[in-house]
Amino acid sequence: MEGDYFNGTSYRGTKKFSQQDVKTADATGFGAAADDYMERGIDLNEQLIRNKPATFFMRVRGEAMTGAGIYDGDTIIVDRSIKAESGKVVVAVLNGEMFIRRLEKTFNKLRLLSENNKHATIEVDASCDSLGIWGVVTYCIHLV
Amino acid sequence: MKAIVDCNSFYCSCERLFRPDLQHKPVVVLSNNDGCIVSRSDEAKAAGVDMAAPYFESKPLIQKHNISVFSSNYNLYGDLSWRVMETLRMLLGDASKVEVYSVDEAFIDLGDVSEEKLYDTAMNIRLTVEQWTGISVSIGVAPTKTLAKLANYLAKKNKAATQCVYVLANRQQQVTAMKQTRVGNVWGVGYSYAQKLVNLGITSAWELSTMSEEWAYANMGGVTGARLIRELNGLPSREMEKPLVNKKMIATTRMFGQPVTDLNDIKEAIATYISRAAEKLRRQHSAAKVISVFIVPREQNYEVSFRRGATVSSYVTLPAATSSTSELIKPAVQLVESLYEQGKVYKKAGVMLAGLEPDESIQGNLFSAGPQKYQRLLMGMMDNINFSMRDDVLKFAASGLARNWKMRQELRSKRYTTRWEELYEVS
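Residue numbers (the UniProt record's numbering), protein chains in the order written: chain C, 1 to 144; chain A, 1 to 427.
Please note that the accuracy of each hint is not assured.
Claimed, not checked - Below are the DSS-like pairs computed for lysine-lysine, each with C-alpha atoms no more than 27 angstroms apart in a straight line:
hint, chain 1, residue 1, chain 2, residue 2
1, C, K88, C, K105
2, A, K414, A, K45
3, A, K289, A, K248
4, A, K45, A, K156
5, A, K45, C, K52
6, A, K248, C, K52
7, A, K280, A, K156
8, A, K373, A, K395
9, A, K45, A, K248
10, C, K52, A, K242
11, A, K64, A, K117
12, A, K330, A, K395
13, A, K347, C, K52
14, A, K159, A, K45
15, C, K83, A, K117
Said to hold, decoys possible - In silico negatives: residues of chain A with every beta carbon more than 10 angstroms from chain C:
hint, residue
16, R83
17, V113
18, R126
19, P143
20, E239
21, K347
22, Y424
What the hints contain is simulated information worked out from the structure, not anything from laboratory work. Glycine included, every Cβ here is placed at the ideal spot set by N, Cα and C.
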């Protein structure tokens, strides 16, 4: 693999781009001018996946996060390498069950907030070890 | 300095990643076909479940301790293995510093990290791998691969004290560690050598390290033994190997899901294994000249003995090396016909492709260039479609449609990381 990264977390899946990918590379005259301006096409993975080995996909079930624009059946992208700061939407583990909620940290409390008034807020002490963070939700893919 | 990074109860860790309710609970994973136990969580080990114990024999113990059982989910394990290795490559910043040794182990080259920073460096790697991939690992650090393995053995043996990281940087630490390690637990000392050494009065790794290289040459398999002694003495004799070396042989073998008696079923199985092996062959751009096929019958008095019947095998050498599935299937199926005996019950079969050579060289043959070229195009397309669509959308008719012999995997978890339709559902 090409080696100009160190400890980097940028996407490196499809950065390969050879002269063969340039459609007009064999053309002479006017067509060849485009060669100088050739770029790699847009790749969605590059935008959505920052750290490939730490990124997982999950499916959302239920209405707990509809207020945040995350609906039943949506696909979420979860990055385990991102720090779970207060205010982030996370996949949390509580008593062996996984939940998608917004994390809120205060000096002595951790709260898991749903963005739908049908679900109660879950609140635990900051020292509580039955609550873990599985990963941070970075994107939601929603069919429109 | 070198280090070995070894995943803790790897298959069980993979299952637990998507089953947080099983954290700190006993878990076991079964081999292909749910035959025996191949991975145990620490809790399952503590409950007395033996490694490689047959599943049916362990069932009472499993029920008694309420142990969770999974069939092998190789799609999941393969993906998580890649994630662990990729994390290591990213942390070390150079793919050549990571030698993937098995699905759950890698040697890494720590270069010239100073002695006092070794523990923190290794710990940082351990915690990062765990954070990113959810897989916990143990790390042994030492000047040689053999001592790193020994360090890792000690790290795993006492996880609470070592926090799964153990460094043997200087000679004094190495000697102390070797004195408390039995010779049979040294990497590269097999069961029979361990017996032999104990009979000679050599019981610890330390005692083995004091033997001369000449002695090892004479008594421990020549140069391999001499290297082992040097490695124990801190002199690197087994260097980092290049990743992705092309295999010299490609094999696919499986247990049948249920005993098979019909010749056609066995032919279908062999054709399927050949397709899989040919796919692996093309992935490394090789072509094979030798096909070997084996089938394993069950013993007559199976119910009493459980012993394995005598394997029958045969091979054929092709006029020219090929990577085309169709050209490999035909001779393989003919071999099955010659091996099969009416009335016997078969439990396992396998194929092996050998006499491998680079696929390009075939193109040098001017006279067969035409059809070869189209075969290669066809195979390329078939691999592409099967790879993107999964589950072998395209297969040769010889592999059959019913697949009565297919593997049993009754307790497999979802393929959370490789299939869109099997993603983890979170609410």
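Verification of the hints:
The suggested pairing of C/K88 with C/K105 holds, with an alpha-carbon distance near 10 angstroms, which does not exceed 27 angstroms. Simply put, A/K414 and A/K45 have alpha-carbon atoms about 25 angstroms apart, close enough for the 27 angstroms limit, and the pair holds. Proposed proximity of A/K289 and A/K248 is supported: the alpha carbons are some 12 angstroms apart, at most 27 angstroms. Restraint check for A/K45 and A/K156: satisfied, since their Cα atoms lie roughly 13 angstroms apart, inside the 27 angstroms limit.
Taking the CA atoms of A/K45 and C/K52, the gap is near 33 angstroms; set against the 27 angstroms cutoff, the hint is violated. With a CA separation close to 31 angstroms, the supplied pair A/K248 and C/K52 exceeds the 27 angstroms bound. Of the pairs offered as hints, the one joining A/K280 and A/K156 is violated, with about 34 angstroms between alpha carbons and a cut-off of 27 angstroms exceeded. Distance restraint check for A/K373 and A/K395: the Cα-Cα separation of roughly 20 angstroms lies within the 27 angstroms cut-off, and the hinted pair is therefore satisfied.
In summary, the hint linking A/K45 to A/K248 is not supported, as the alpha carbons are separated by about 36 angstroms, beyond the 27 angstroms threshold. Distance hint between C/K52 and A/K242 is fulfilled; the C-alpha atoms sit about 23 angstroms from each other, no more than 27 angstroms. Distance restraint check for A/K64 and A/K117: the Cα-Cα separation of roughly 46 angstroms exceeds the 27 angstroms cut-off, and the hinted pair is therefore not satisfied. For the hint pairing A/K330 with A/K395, the CA-to-CA distance comes to about 14 angstroms; that is within 27 angstroms, so the pair holds.
A C-alpha spacing of about 41 angstroms is found between A/K347 and C/K52, which places the hinted pair above 27 angstroms, so the restraint is violated. Between A/K159 and A/K45, the direct Cα distance comes to roughly 14 angstroms. Compliance with the 27 angstroms bound is thereby established for this hinted pair. Our distance criterion of 27 angstroms between C-alpha atoms is met by C/K83 and A/K117, whose separation comes to about 25 angstroms. The beta carbon of A/R83 is not kept farther than 10 angstroms from every beta carbon of chain C, the shortest such distance being approximately 4 angstroms.
Taking the minimum C-beta to C-beta distance to chain C, about 14 angstroms, the non-interface status of A/V113 holds against the 10 angstroms cut. Non-interface status of A/R126 relative to chain C is upheld: no Cβ of that chain comes within 10 angstroms, the nearest being about 15 angstroms off. Its beta-carbon lying about 24 angstroms from the closest one in chain C, A/P143 satisfies the requirement of being farther than 10 angstroms from that chain. Non-interface status of A/E239 relative to chain C is upheld: no Cβ of that chain comes within 10 angstroms, the nearest being about 20 angstroms off.
No beta-carbon of chain C comes within 10 angstroms of the beta-carbon of A/K347; the shortest separation is about 38 angstroms. A Cβ of chain C approaches the Cβ of A/Y424 within 10 angstroms, the least distance being about 5 angstroms, so the stated non-interface status is violated.
The structure fails hints 5, 6, 7, 9, 11, 13, 16 and 22 (numbered hints given earlier, in ascending order).
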